[in-house]
Amino acid sequence: MSTLHDFTATSIAGQEVDLSEYRGKVVLVVNTASKCGFTPQYEGLEELYGRFHERGLEVLGFPCDQFAHQEPGSDGEIAEFCQLNYGVSFPMFSKIDVNGSGAHPLYQWLRQEKGGLLGNAIKWNFTKFLV
Numbered sequence: 062m063s064t065l066h067d068f069t070a071t072s073i074a075g076q077e078v079d080l081s082e083y084r085g086k087v088v089l090v091v092n093t094a095s096k097c098g099f100t101p102q103y104e105g106l107e108e109l110y111g112r113f114h115e116r117g118l119e120v121l122g123f124p125c126d127q128f129a130h131q132e133p134g135s136d137g138e139i140a141e142f143c144q145l146n147y148g149v150s151f152p153m154f155s156k157i158d159v160n161g162s163g164a165h166p167l168y169q170w171l172r173q174e175k176g177g178l179l180g181n182a183i184k185w186n187f188t189k190f191l192v
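Note that the working numbering has the sequence shown beginning at 62, numbered continuously upward.
Hints may contain errors.
What the hints assert, rightly or not - As a list, the in silico EDC-like pairs of lysine to aspartate or glutamate whose alpha-carbon atoms are at most 16 Å apart: (1) K96 x D126; (2) K86 x E138; (3) K189 x D158.
Stated by the list, open to error - Label-pair restraints from in silico Cβ distances: (4) T64 x L109: 20 to 28 Å; (5) E138 x T64: 19 to 27 Å; (6) G161 x G98: 17 to 25 Å; (7) S72 x G163: 17 to 25 Å; (8) K86 x K175: 15 to 23 Å; (9) N181 x E141: 28 to 36 Å; (10) S72 x P133: 32 to 40 Å; (11) K189 x S150: 15 to 23 Å; (12) V87 x G137: 28 to 36 Å; (13) R112 x G161: 33 to 41 Å; (14) G161 x T69: 29 to 37 Å; (15) K184 x R116: 14 to 22 Å.
It should be emphasised that the hints constitute simulated quantities derived from the structure, not laboratory data.
The structure displayed is predicted, hence computed values, not measured ones.
Cβ coordinates follow ideal geometry from the N, Cα and C atoms, glycine included.
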């Protein structure tokens, strides 16, 4: 049986990150987009991170362009957008797919674990998983 800590992901700066780094923490995993009606949620996520990070909360942002192409930028453009507009300091990762055969293994696992009445596909941007 897998856990969050069994996966790796590429940071938005291009570094491989072993998610076992977050062992013992409460982790909020979020698929993000810069051109979505939900994009202002970055502000609340950053506030949550700032308020509870010292108490063991991690917020992990995973940009995704699968929903109406609302994340068209490169990783560098996404990082700049997040910093300039929302002061994002929580870990952001390289753009990934969250649905389909090309979905990142972390999201394949998250979708499998969550189940759901309407299937296990991620429905839109800013879907959150508390792990």
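Right, here's what the structure says about each hint:
1. K96 x D126: With a Cα-Cα distance of about 10 Å, the restraint between K96 and D126 holds, given a limit of 16 Å.
2. K86 x E138: 29 Å, violated
3. K189 x D158: This hinted pair holds, its Cα atoms lying about 15 Å apart.
4. T64 x L109: 20 to 28 Å: 22 Å, holds
5. E138 x T64: 19 to 27 Å: Once the Cβ atoms are compared, 32 Å apart, the range 19 to 27 Å for T64 and E138 is violated.
6. G161 x G98: 17 to 25 Å: 23 Å, holds
7. S72 x G163: 17 to 25 Å: 20 Å, holds
8. K86 x K175: 15 to 23 Å: 19 Å, holds
9. N181 x E141: 28 to 36 Å: 33 Å, holds
10. S72 x P133: 32 to 40 Å: About 20 Å separates the Cβ atoms of S72 and P133, which means 32 to 40 Å is violated.
11. K189 x S150: 15 to 23 Å: 18 Å, holds
12. V87 x G137: 28 to 36 Å: 29 Å, holds
13. R112 x G161: 33 to 41 Å: Between R112 and G161, where Cβ atoms are some 35 Å apart, the hint holds.
14. G161 x T69: 29 to 37 Å: At roughly 20 Å between Cβ atoms, T69 and G161 fall outside 29 to 37 Å, so the hint is violated.
15. K184 x R116: 14 to 22 Å: The hint (14 to 22 Å, Cβ to Cβ) is violated, given that K184 and R116 are roughly 30 Å apart.
In this structure, the hints that do not hold are numbers 2, 5, 10, 14 and 15, in rising order.
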